[in-house]
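Required output: the full structure, derived from the provided sequences and hints.
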Amino acid sequence: MRHLKNKQLSLLLFIIISYFVQAQSLDELMAASEKPKTEYTIGTFKGTKILNSQSVEGVGKGVLQVMFQHRFGTLFNGAYDFFGLDNAGIRFGFDYGITNRLTIGVGRSGGGVEPNGQKAYDGYFKLKLLRQSSGEKVMPFSVSLFASTAIKSSNNFDETDKLPYRLFYTGQLIIARKFSNSFSAQIMPTVVHRNLTDTPEDKNTIFSMGMAARMKLTKRFGLIVEYYYNPVNQQDSKYYNHIAAFGLEIETGGHVYHLLFTNGSGMIEHQFIGYNTFPIYQGAQSIRFGFNLSRVFTLIKYND
Amino acid sequence: MIKKLFIFSVIYFNINLSFAQDIYAFKSGKVNFFAGTPMEDIDATNSKLTSFINLKTGEAVISMFNTDFKFSSSLMQEHFNENYMESEKFPKSEFKGKIQNIETIDLTKSGEYKVKIEGIFTIHGVSKSNIVDAIIVNKNGKIQVDSKFSIALADFKIERPQIVWEKLAENVQITLSLNYEAFKK
Numbered sequence: 001m002r003h004l005k006n007k008q009l010s011l012l013l014f015i016i017i018s019y020f021v022q023a024q025s026l027d028e029l030m031a032a033s034e035k036p037k038t039e040y041t042i043g044t045f046k047g048t049k050i051l052n053s054q055s056v057e058g059v060g061k062g063v064l065q066v067m068f069q070h071r072f073g074t075l076f077n078g079a080y081d082f083f084g085l086d087n088a089g090i091r092f093g094f095d096y097g098i099t100n101r102l103t104i105g106v107g108r109s110g111g112g113v114e115p116n117g118q119k120a121y122d123g124y125f126k127l128k129l130l131r132q133s134s135g136e137k138v139m140p141f142s143v144s145l146f147a148s149t150a151i152k153s154s155n156n157f158d159e160t161d162k163l164p165y166r167l168f169y170t171g172q173l174i175i176a177r178k179f180s181n182s183f184s185a186q187i188m189p190t191v192v193h194r195n196l197t198d199t200p201e202d203k204n205t206i207f208s209m210g211m212a213a214r215m216k217l218t219k220r221f222g223l224i225v226e227y228y229y230n231p232v233n234q235q236d237s238k239y240y241n242h243i244a245a246f247g248l249e250i251e252t253g254g255h256v257y258h259l260l261f262t263n264g265s266g267m268i269e270h271q272f273i274g275y276n277t278f279p280i281y282q283g284a285q286s287i288r289f290g291f292n293l294s295r296v297f298t299l300i301k302y303n304d
Numbered sequence: 305m306i307k308k309l310f311i312f313s314v315i316y317f318n319i320n321l322s323f324a325q326d327i328y329a330f331k332s333g334k335v336n337f338f339a340g341t342p343m344e345d346i347d348a349t350n351s352k353l354t355s356f357i358n359l360k361t362g363e364a365v366i367s368m369f370n371t372d373f374k375f376s377s378s379l380m381q382e383h384f385n386e387n388y389m390e391s392e393k394f395p396k397s398e399f400k401g402k403i404q405n406i407e408t409i410d411l412t413k414s415g416e417y418k419v420k421i422e423g424i425f426t427i428h429g430v431s432k433s434n435i436v437d438a439i440i441v442n443k444n445g446k447i448q449v450d451s452k453f454s455i456a457l458a459d460f461k462i463e464r465p466q467i468v469w470e471k472l473a474e475n476v477q478i479t480l481s482l483n484y485e486a487f488k489k
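As given, the protein sequences belong to chains B and G, one line each in that order.
The opening position of the first sequence corresponds to residue 1 in the numbering used here, with each subsequent residue numbered one higher.
The opening position of the second sequence corresponds to residue 305 in the numbering used here, with each subsequent residue numbered one higher.
One or more hints might be untrue.
[Stated by the list, open to error] Here are the simulated BS3-like pairs of lysine-lysine, each with C-alpha atoms no more than 30 Å apart in a straight line:
1) B:Lys301 / G:Lys331
2) B:Lys219 / B:Lys61
3) G:Lys452 / B:Lys35
[Unchecked claim] Here are some chain G residues the structure puts well away from chain B; computed CB gaps all over 10 Å:
4) Thr371
5) Leu379
6) Asp410
7) Glu422
8) His428
9) Ile439
10) Gly445
11) Ala456
12) Phe460
13) Ala473
14) Gln477
15) Ala486
Worth flagging that the hints you see were computed from the coordinates, not collected in a lab.
Virtual Cβ for every residue (Gly too), placed ideally from N, Cα, C.
Shown next as C-alpha cells:
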C-alpha cells in the first residue's frame with residue numbers, strides 16, 4: 001500500500017515536472033527570459049542650472065553647452081529704465097561633459113550692478129555621485145557634488161587687489177529627486193568661503209541651504225521656484241539677503257530657456273548666496289527680470 | 305507500473321523535445337531606426353533584445369527596452385526617452401506576430417525564405433497591427449532574420465512638435481538583422 005502511494009506520488013510529481021518542461025509558449029518564454037533592468041531617471045531638470053543655482057544635471061559625454069545669462073536692473077524705475085533692461089549684467093559660460101557623470105565649466109560675468117560687477121571668472125566641476133534609479137537597482141535620489149572657484153578681476157586700487165583677496169570658493173551637495181514626470185525637487189546644502197569679507201564681523205566661511213522645485217505644465221514647459229535660506233549670525237545682514245527666484249523652464253530640443261524673476265543680480269554662487277544686497281521685502285527695488293539661454297552641441301559622437 | 309511510466313515518459317519527453325527544437329532564441333544582432341531628415345541624422349541601435357521564433361508554427365515575438373537604444377548623441381537619447389517615447393511610462397517596445405502561409409514552407413530545412421509576418425506592434429503604449437516583409441535564412445540550423453520597414457509616428461501617438469530643432473521624419477525606417485539559435489533550456 002505504502003509502495004503504491006509512493007508510485008502515485010512519483011507519477012504526480014512527474015506530471016507536474018513535465019508540465020513545467022512543456023511550458024513553451026512564446027509568451028511564457030518571453031516572461032521567463034526577462035532580465036531585470038535598472039532604469040536611470042532622466043530629466044530631473046532640463047537644464048544644468050535651476051534658475052540661479054546649479055541643478056543636479058550635467059551635460060552628456062562629449063557635449064558642449066554654451067550658456068548666456070542676463071540679470072537686468074530692478075523693476076523700480078519702470079519705463080524709464082525700460083523695466084531694468086537698461087542695466088544688464090551678463091554671464092556667459094561653456095560647460096563640457098567629460099563623462100556622463102563629470103561636467104566641467106568656465107564662465108565670465110560682469111556688467112550691471114553689484115555684485116555682478118566683480119568682472120569675475122569662474123570655473124567649476126560637477127560630479128554625479130548617485131543616480132536615481134528604479135528596477136533592479138533602486139536609488140531614491142540623485143546626488144551631485146558641485147565645487148567652484150571664482151576670481152574677481154575688478155580693481156579697488158588698494159591692498160585688497162592682492163590675489164588671495166580676489167578668490168571665492170563654493171562647495172555644494174545637490175540632492176534631487178524626480179517624484180513624478182511632472183514634479184522634481186532638490187535641496188542644496190552649501191558652503192561659501194571668501195578670503196576677504198566686507199566687514200570684520202562677517203565670517204569667511206558661511207553656510208546656506210538651498211531648495212528648488214519644478215512643476216511641469218507640459219512636456220516642454222515647467223514652473224520653477226528656488227530659494228536659499230541663510231542661517232543668521234554669520235555676517236552683516238546687508239550683504240546677506242535670502243535669495244528667491246521664480247521662473248519658467250522651456251525646452252525646445254537642444255535649447256533650454258529660463259525666464260525668471262529674482263531679487264539678486266549675481267549669477268555665480270558666492271554672489272547670490274553670500275553677497276546679495278537686495279532684500280526681497282523691498283519688492284520692485286530688488287526684483288528684476290532675467291533669463292538663461294543655453295544651446296548644446298555634440299562635439300564627440302559615441303557609438304557604444 | 306514502472307514500465308508504463310517509462311513508456312509514458314519517453315513519449316512525453318519526445319513530444320516536449322520535438323516542440324522545443326522548433327523554438328529559436330535571439331542570440332545576436334540589432335534593431336536600428338532612422339528618423340532623420342536631410343537636416344539631421346537621427347538614428348539609434350538596440351542590440352539588447354529578447355526574441356523567440358517558432359519555426360513550426362511561425363510565431364515570433366520581440367521585446368526591447370526603449371532605454372537600450374543607443375544614440376550617437378546623449379542629448380538625443382535623453383529627448384527620445386523623455387519627450388517622444390515617454391520611456392518612464394512605456395518602457396518597452398514589442399512585436400508579436402505570425403508568419404503568413406507557414407503551412408506552405410518548412411523553415412526547419414536549410415534555405416532562404418521570403419516571408420510576410422503579420423502581427424501587432426506595441427510602441428508608446430499603442431498597439432497597431434501591420435504586415436512586414438522579412439527574409440529568413442536557415443543555414444545549417446542557424447537562423448537569420450532580416451527585415452526593413454517603416455512605421456508612422458502618428459500611428460503610435462508619438463508627438464512631432466514643430467518648434468523643436470531636431471526635425472523628426474514622419475515615418476521612421478526600421479532595419480533589423482537578428483540571429484537565432486536553437487533554444488535550450
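We went through each hint and held it up to the structure:
1. Only pairs whose Cα atoms come within 30 Å are accepted, and lysine 301 (chain B) paired with lysine 331 (chain G) is accepted, the gap being roughly 27 Å.
2. With a CA separation close to 24 Å, the supplied pair lysine 219 (chain B) and lysine 61 (chain B) stays within the 30 Å bound.
3. For the suggested pair lysine 452 (chain G) and lysine 35 (chain B), the alpha carbons sit about 27 Å apart, so the restraint of at most 30 Å is met.
4. Taking the minimum C-beta to C-beta distance to chain B, about 6 Å, the non-interface status of threonine 371 (chain G) is violated against the 10 Å cut.
5. Residue-level check failed: leucine 379 (chain G) sits 6 Å from the nearest beta carbon of chain B, not beyond 10 Å.
6. Taking the minimum C-beta to C-beta distance to chain B, about 19 Å, the non-interface status of aspartate 410 (chain G) holds against the 10 Å cut.
7. With a minimum CB-CB distance of about 15 Å to chain B, glutamate 422 (chain G) clears the 10 Å threshold, and the non-interface call stands.
8. Annotated as non-interface, histidine 428 (chain G) keeps its C-beta farther than 10 Å from every C-beta of chain B; the closest such distance is 13 Å.
9. For isoleucine 439 (chain G), the non-interface assignment is confirmed: its Cβ lies about 21 Å from the closest Cβ of chain B, beyond the 10 Å cut-off.
10. Here glycine 445 (chain G) stays apart from chain B, with its beta-carbon at least about 18 Å from theirs, past the 10 Å limit.
11. The Cβ of alanine 456 (chain G) sits about 20 Å from the closest Cβ of chain B, beyond the 10 Å cut-off, so the non-interface label holds.
12. The claim that phenylalanine 460 (chain G) lies off the interface holds: its Cβ sits roughly 16 Å from the closest Cβ of chain B, which is beyond the 10 Å cut-off.
13. Listed as outside the interface, alanine 473 (chain G) is consistent with that label: its C-beta sits roughly 14 Å from the nearest C-beta of chain B, beyond the 10 Å cut-off.
14. Taking the minimum C-beta to C-beta distance to chain B, about 18 Å, the non-interface status of glutamine 477 (chain G) holds against the 10 Å cut.
15. At roughly 13 Å from the closest C-beta of chain B, the C-beta of alanine 486 (chain G) stays outside 10 Å, upholding its exclusion from the interface.
When the structure is compared with the earlier hints, violations turn up for hints 4 and 5 and for no others.
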